[in-house]
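K.L.:
Each protein sequence line maps, in turn, to chains A and B.
Using numbering that gives the first Met the number 0, you'd call the opening residue of the first sequence number 0 and step up by one each time.
Using numbering that gives the first Met the number 0, you'd call the opening residue of the second sequence number 0 and step up by one each time.
A few of these clues could be false.
Identical copies go unnamed one by one, so any copy, or any two together, can satisfy a pair.
As the list claims (entries may be wrong) - Straight-line Cα separation of at most 20 Å, DMTMM-like style, residue types lysine to aspartate or glutamate; simulated pairs:
1. 559 <-> 584
2. 193 <-> 585
3. 596 <-> 542
4. 609 <-> 184
5. 609 <-> 303
6. 609 <-> 266
7. 597 <-> 220
8. 193 <-> 467
9. 559 <-> 475
10. 442 <-> 514
11. 503 <-> 639
12. 638 <-> 546
13. 596 <-> 546
14. 560 <-> 68
15. 247 <-> 113
16. 609 <-> 475
17. 606 <-> 521
18. 559 <-> 229
19. 596 <-> 584
20. 237 <-> 676
21. 375 <-> 70
22. 193 <-> 218
23. 247 <-> 303
24. 609 <-> 462
25. 237 <-> 622
26. 606 <-> 330
27. 71 <-> 639
28. 442 <-> 168
These are computed hints drawn from the structure, not numbers from a lab.
2 protein chains.
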Amino acid sequence: MARLPLPLPAMLPLLLLAVLSVTAAAASSRPHPLDPLTLAEITAVRAAVLASPLVPARPLTFHYVGLDEPDKPDVLAYAYGGGTPGRRARRQPLQRRALVIARAGGQSHELRVDVAQNGSAADAATVLSHAIHRGAGFPTLTLEEQFAAVALPPAYPPFVESVRRRGVDMADVLCAVFPVGWFGDAGAPRRVAKMLCFVAGATANFYARPIEGVAMVVDLDRMAIVGYRDRVAYPVPKAEGTDYRAGKAGPPLAGPQPAPGLVVQPEGRGFHIDGNIVRWANWEFHVGFDMRAGTVISLASVHDADAGTRRRVLYRGFVSEVFVPYMDPVEEWYYRTFLDTGEYGLGLWAFPLQPGADCPANTAYFDGSYAGQDGKPVGGENRICVFERYAGDVAWRHTEAGFPDRLITEVRPDVTLVVRMVVSPGNNDYILDWEFKTSGSIKFVVSLTGLLEVKGTPYTHADEITADAHGTLVSENTLAIYHDHYVTYHLDLDVDGTNNSFVKNVITTKRNTGDPATGGADTPRRSYWTVRREVAQTEADGEVDVDAGPADLLFVNPGKKTRLGNEIGYRLITSGATAASVLADDDFPQRRASYTKKQVRVTPYSKSEKWAAGLYADQSTGDDGLAAWSGRNRGIMDKDIVPWYTLGLHHIPYQEDFPVMPTLSGGFELRPSNFFERNPILGARPPASTHGHSANRVMPGDVFAGKTQVI
Amino acid sequence: MARLPLPLPAMLPLLLLAVLSVTAAAASSRPHPLDPLTLAEITAVRAAVLASPLVPARPLTFHYVGLDEPDKPDVLAYAYGGGTPGRRARRQPLQRRALVIARAGGQSHELRVDVAQNGSAADAATVLSHAIHRGAGFPTLTLEEQFAAVALPPAYPPFVESVRRRGVDMADVLCAVFPVGWFGDAGAPRRVAKMLCFVAGATANFYARPIEGVAMVVDLDRMAIVGYRDRVAYPVPKAEGTDYRAGKAGPPLAGPQPAPGLVVQPEGRGFHIDGNIVRWANWEFHVGFDMRAGTVISLASVHDADAGTRRRVLYRGFVSEVFVPYMDPVEEWYYRTFLDTGEYGLGLWAFPLQPGADCPANTAYFDGSYAGQDGKPVGGENRICVFERYAGDVAWRHTEAGFPDRLITEVRPDVTLVVRMVVSPGNNDYILDWEFKTSGSIKFVVSLTGLLEVKGTPYTHADEITADAHGTLVSENTLAIYHDHYVTYHLDLDVDGTNNSFVKNVITTKRNTGDPATGGADTPRRSYWTVRREVAQTEADGEVDVDAGPADLLFVNPGKKTRLGNEIGYRLITSGATAASVLADDDFPQRRASYTKKQVRVTPYSKSEKWAAGLYADQSTGDDGLAAWSGRNRGIMDKDIVPWYTLGLHHIPYQEDFPVMPTLSGGFELRPSNFFERNPILGARPPASTHGHSANRVMPGDVFAGKTQVI
């Protein structure tokens with residue numbers, strides 16, 4: 000053994016340094032405060048809840064287990080230290096806590112559980128608090144109870160008789176669970192759902208083959224059928240032409256076949272994953288998974304190359320609710336007014352992404368772990384994918400033809416980073432993309448696909464339809480019912496800091512007065528437009544119909560300005576899918592999702608205000624959701640504010656949507672607007688030369704006119 | 000030599016077959032009737048015009064030389080024979096004619112020229128007709144006259160003095176030509192333009208450095224400066240921070256650098272080019288180039304795999320006009336209300352696309368030939384690119400979790416075909432994409448980039464601004480002026496045939512009456528929406544503000560129905576950029592482009608109605624454009640109709656847009672809607688397996704709940 004070259008006291012600083020290094024290394028293997036619960040943590044949480052004397056009733060079923068986020072100031076301090084992103088050396092681990100919503104004894108229990116800090120002693124978790132939910136609504140349905148419920152009808156004699164009467168083989172029958180909604184009932188509700196059934200038989204597309212007119216009510220707590228109705232018998236639509244599986248959709252592969260293509264990255268991927276942190280180009284953000292929200296993006300910050308600093312953009316963003324009301328008032332359809340996030344859970348209904356199909360080959364995947372109904376962890380593979388998108392787009396370009404002696408062209412191709420999840424809550428599929436751009440923009444794209452929700456009908460030709468059919472005849476005996484999709488994003492923007500304001504720059508026509516003092520001039524021009532700045536004072540000002548008139552909608556940091564004195568901000572730009580609900584205000588589904596009448600709302604940050612239709616969305620009454628909160632009309636100026644954006648689509652189905660719907664996309668963008676001092680990708684690297692040409696070249700002037708190249 | 004095995008009469012049919020084959024082969028080397036004029040044809044046209052006694056005045060300058068399209072019925076007969084696409088065996092060559100607009104003797108001459116049919120005798124072209132344009136407006140400016148004009152100021156003493164007074168080196172000065180517009184002058188106008196000047200110096204971005212307050216008037220026919228004004232002197236903005244060229248934008252390449260990527264097509268390209276016809280997947284269309292319109296897509300038809308037929312979608316589509324009004328009424332700005340198509344020419348200002356930058360590596364290019372001012376042909380290389388886009392999107396998918404024993408996922412990745420042109424008429428760049436989808440959709444995307452048009456100002460900080468500055472301070476002494484972009488598409492849809500109707504399916508809220516006869520039901524649901532069908536009778540009905548209320552806008556073939564009795568149609572779906580003009584109706588620029596108040600117009604087909612702001616757009620008065628034509632309120636029901644869509648953006652500039660603007664995109668889609676009997680890509684091939692998984696796999700049920708995979 001080598002002699003110590005220094006006396007011990009002289010070595011102390013070095014030893015301390017070593018200890019500090021070890022601590023730093025350990026910190027990176029320790030979960031980030033916003034990391035989803037690990038499998039071990041879920042196990043620990045389950046043990047703590049089952050061991051707690053606070054919920055003695057059994058059976059106890061777990062409807063939600065997820066991270067109970069630390070307080071925002073603590074997370075900000077952890078992530079950004081003294082307030083500046085990047086200074087994280089002395090970050091302190093934060094207490095890991097879980098939120099559990101469980102059913103037991105006919106009640107909804109809300110528990111907060113302390114998860115052991117160092118993650119080692121799994122059974123050291125303890126229940127910190129317990130409350131019984133007394134208000135309206137029930138928690139998210141578990142997958143297990145839905146599977147248990149749909150196992151009941153084949154043994155339920157009235158249903159057996161209904162199926163027999165229709166000449167259908169019970170072995171071909173599949174049922175699904177449909178929330179009942181809320182329609183004004185003031186009494187104490189039972190936790191029930193409807194069950195509607197379908198015929199699979201020769202097709203995987205059982206949704207295309209409803210046993211129309213038959214509905215059951217299942218009591219989910221008792222797991223028993225408590226209501227039954229066989230109201231009317233319509234033909235079950237044929238199986239032929241409904242399957243979408245390769246080889247079953249005959250004639251086999253008769254459709255157009257474009258050439259296969261593959262993105263190759265000669266220098267490898269451009270993004271780096273460290274735990275749940277993704278770093279790519281100028282972006283850094285945390286990717287979380289939640290069994291209710293699905294993907295949660297947190298702590299998104301962008302590096303400002305000119306300032307040499309990392310700057311905050313978004314504290315947290317996720318899909319808060321998806322409202323899907325159908326437009327047929329008939330008995331088996333009037334309640335189909337789904338709240339996919341609250342009733343079903345987007346994370347629960349996100350299934351494994353298919354490599355090379357849902358996401359291209361150059362993709363990394365995140366798993367999404369959640370708790371089963373028994374509280375045990377489920378390690379869901381490939382729930383979120385991350386890939387660089389090479390779509391052939393251009394980040395910026397210019398051709399300058401104004402010089403007499405040369406033609407200058409500079410082009411920077413665009414590469415973006417996509418974070419994708421696909422959610423399939425029943426018949427519909429939602430492809431939910433976050434697209435980060437080097438320009439500082441974040442684009443949100445929702446692509447609808449999957450299967451239509453159809454109604455059995457005697458009609459086989461449109462000419463037979465005389466009354467309002469509430470849908471489109473998409474196949475014989477098959478009406479695809481009109482419906483809407485409202486995808487509501489919770490977007491806790493922190494534009495360059497916590498306190499922000501919402502500014503509407505309203506585009507306003509002016510007459511030319513001829514008077515310079517009012518912006519006019521003595522010219523023949525008669526009109527122009529200018530910008531009328533409106534700063535939203537309260538939540539009522541924060542409600543905006545984006546189609547009501549032209550305006551730039553900005554989230555600004557009133558405490559910070561550019562060197563030129565412009566307010567630092569991000570702008571909301573819509574890109575299709577701006578439908579707002581047209582249901583009557585007093586209609587019950589609309590009361591439960593009344594926030595869908597305006598695309599934009601802005602609330603002051605409140606840790607508990609996450610779910611637009613309420614935490615307990617199943618059978619909710621609208622008394623604890625986004626509209627109720629913002630109805631308090633709180634101040635939102637120069638505060639920590641949360642914009643909510645509802646992307647909406649009215650869907651009149653067409654025959655092309657059957658039996659599976661070609662993707663229909665809509666989206667919006669958050670774009671830096673006086674956030675940077677200048678174009679932040681001015682310094683982007685030009686592409687390598689291809690085909691013997693430099694990709695950006697100065698050409699002699701004679702290739703264009705002036706001195707035309709005469710042939 | 001082998002003996003003839005058959006007597007001559009018996010061989011005749013074989014010989015005839017051989018002759019027919021040769022004819023067919025020759026036909027494909029002969030130009031398609033919609034092909035742009037070839038270099039030889041332009042040469043022939045020039046010779047014919049110069050030799051014609053109809054225009055004796057000299058000098059004669061060519062402002063437009065392009066294909067004078069054959070009559071639509073003739074083209075349809077050529078392309079589709081007996082009306083059905085695909086039957087083209089007996090196609091007859093059509094007379095090739097050119098339209099020439101020339102200036103001579105202070106007049107605009109319109110000539111139609113017969114181009115020799117077989118293309119062999121180049122000098123056989125003859126002038127068929129000649130007319131002098133007596134109405135308002137002048138033809139498109141030539142590139143050469145603009146270069147000639149901007150050469151005048153450095154030798155114009157008052158300008159030399161103005162430049163000297165500002166301490167600017169004339170060697171650094173560049174000028175540009177700006178159309179004067181029209182502001183109510185009733186007298187006979189001269190063909191003049193404004194000239195405004197800039198300082199390049201150390202930057203390529205001279206547009207960022209205006210010599211504000213100085214303006215000249217140039218008489219383009221006399222090529223002399225006829226007006227001069229040095230109204231006010233503001234500081235010329237600094238060159239520092241304005242250049243966008245790689246290596247000049249310092250600090251060098253400090254921006255975010257994503258990983259390079261390349262699309263590889265292992266089986267090669269999926270599209271085939273035959274002359275100007277492109278065939279890809281289920282699409283076939285003709286790509287043309289016009290010095291005014293840029294890209295012209297014609298005879299787009301889609302193969303219907305189920306029907307086994309090729310079906311018509313679009314007869315002809317192109318960008319008819321681009322209106323860009325600025326919003327500063329001051330003397331040097333009030334007339335900046337550009338009509339980029341009519342005044343400058345999109346094809347003329349389309350420059351060579353940069354391979355690997357403007358378009359990815361897997362790209363084919365079309366040249367775009369046009370005539371110089373002297374009438375001689377210019378062979379413009381790489382003006383249009385065509386590539387398959389692998390953006391990581393999904394064509395359709397579904398995950399079916401409803402079976403108790405398996406999880407089915409079927410995904411079809413999306414590959415699309417993009418036809419792109421980039422137009423750079425001055426400071427702005429427009430990336431104009433046609434995107435064909437196997438689903439039958441055509442998407443139109445306009446991406447704005449390039450340089451802002453800025454105004455010199457004494458301001459260096461926003462706090463100094465007290466009156467309306469009409470723009471955003473984007474750099475010291477640099478105001479980026481508010482403006483709009485309106486890109487108007489002429490889209491002669493022929494949905495499954497020539498005669499179409501325009502249908503608005505208006506989404507209408509209904510109270511639930513409880514009465515089935517009116518669509519109600521005895522349920523607690525209080526409201527729903529349904530569709531009120533409105534068939535546009537006349538052009539007034541065809542004017543639609545797409546943001547005024549929810550509706551599906553359809554172009555249907557009233558003579559054809561699906562097997563289910565639904566009207567065969569295509570639907571217009573907007574995707575951002577739906578701004579309409581807010582200028583006063585009586586303002587002169589608005590009168591010239593009054594069609595920009597509504598996004599949608601529909602006119603009956605008229606061969607001469609191509610240019611929304613008129614054929615003679617320079618100094619046009621609005622008396623011969625889209626609004627004037629549709630003001631006749633002609634019938635548009637069950638007729639050959641032409642939809643016009645105006646994509647609009649109000650642009651409040653931000654600092655990020657300086658010195659070069661990150662791309663901002665908007666678009667719209669034409670989507671088959673009851674055109675096909677079912678999803679036309681149901682039979683699309685699933686992707687090959689990757690990473691050892693089949694890309695579409697049936698998974699055991701225990702990966703998800705029901706039987707949860709407990710870890």
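K.L.:
All the hints need checking, so say for each whether the structure fits it.
P.N.:
We went through each hint and held it up to the structure:
no.: 1; hint: 559 <-> 584; in the structure: neither (40 Å within a copy, 40 Å between copies)
no.: 2; hint: 193 <-> 585; in the structure: neither (23 Å within a copy, 60 Å between copies)
no.: 3; hint: 596 <-> 542; in the structure: within (9 Å within a copy, 26 Å between copies)
no.: 4; hint: 609 <-> 184; in the structure: neither (26 Å within a copy, 61 Å between copies)
no.: 5; hint: 609 <-> 303; in the structure: neither (30 Å within a copy, 47 Å between copies)
no.: 6; hint: 609 <-> 266; in the structure: neither (40 Å within a copy, 49 Å between copies)
no.: 7; hint: 597 <-> 220; in the structure: neither (36 Å within a copy, 56 Å between copies)
no.: 8; hint: 193 <-> 467; in the structure: neither (25 Å within a copy, 61 Å between copies)
no.: 9; hint: 559 <-> 475; in the structure: between (62 Å within a copy, 18 Å between copies)
no.: 10; hint: 442 <-> 514; in the structure: neither (42 Å within a copy, 45 Å between copies)
no.: 11; hint: 503 <-> 639; in the structure: within (17 Å within a copy, 43 Å between copies)
no.: 12; hint: 638 <-> 546; in the structure: neither (26 Å within a copy, 32 Å between copies)
no.: 13; hint: 596 <-> 546; in the structure: both (12 Å within a copy, 15 Å between copies)
no.: 14; hint: 560 <-> 68; in the structure: neither (31 Å within a copy, 56 Å between copies)
no.: 15; hint: 247 <-> 113; in the structure: neither (51 Å within a copy, 56 Å between copies)
no.: 16; hint: 609 <-> 475; in the structure: neither (43 Å within a copy, 43 Å between copies)
no.: 17; hint: 606 <-> 521; in the structure: neither (55 Å within a copy, 42 Å between copies)
no.: 18; hint: 559 <-> 229; in the structure: neither (65 Å within a copy, 39 Å between copies)
no.: 19; hint: 596 <-> 584; in the structure: within (9 Å within a copy, 32 Å between copies)
no.: 20; hint: 237 <-> 676; in the structure: between (62 Å within a copy, 15 Å between copies)
no.: 21; hint: 375 <-> 70; in the structure: neither (27 Å within a copy, 73 Å between copies)
no.: 22; hint: 193 <-> 218; in the structure: within (9 Å within a copy, 79 Å between copies)
no.: 23; hint: 247 <-> 303; in the structure: between (52 Å within a copy, 19 Å between copies)
no.: 24; hint: 609 <-> 462; in the structure: neither (48 Å within a copy, 38 Å between copies)
no.: 25; hint: 237 <-> 622; in the structure: neither (43 Å within a copy, 58 Å between copies)
no.: 26; hint: 606 <-> 330; in the structure: neither (39 Å within a copy, 54 Å between copies)
no.: 27; hint: 71 <-> 639; in the structure: within (11 Å within a copy, 62 Å between copies)
no.: 28; hint: 442 <-> 168; in the structure: neither (48 Å within a copy, 45 Å between copies)
Checked against the numbered hints above, the structure breaks hints 1, 2, 4, 5, 6, 7, 8, 10, 12, 14, 15, 16, 17, 18, 21, 24, 25, 26, 28 and satisfies the rest.
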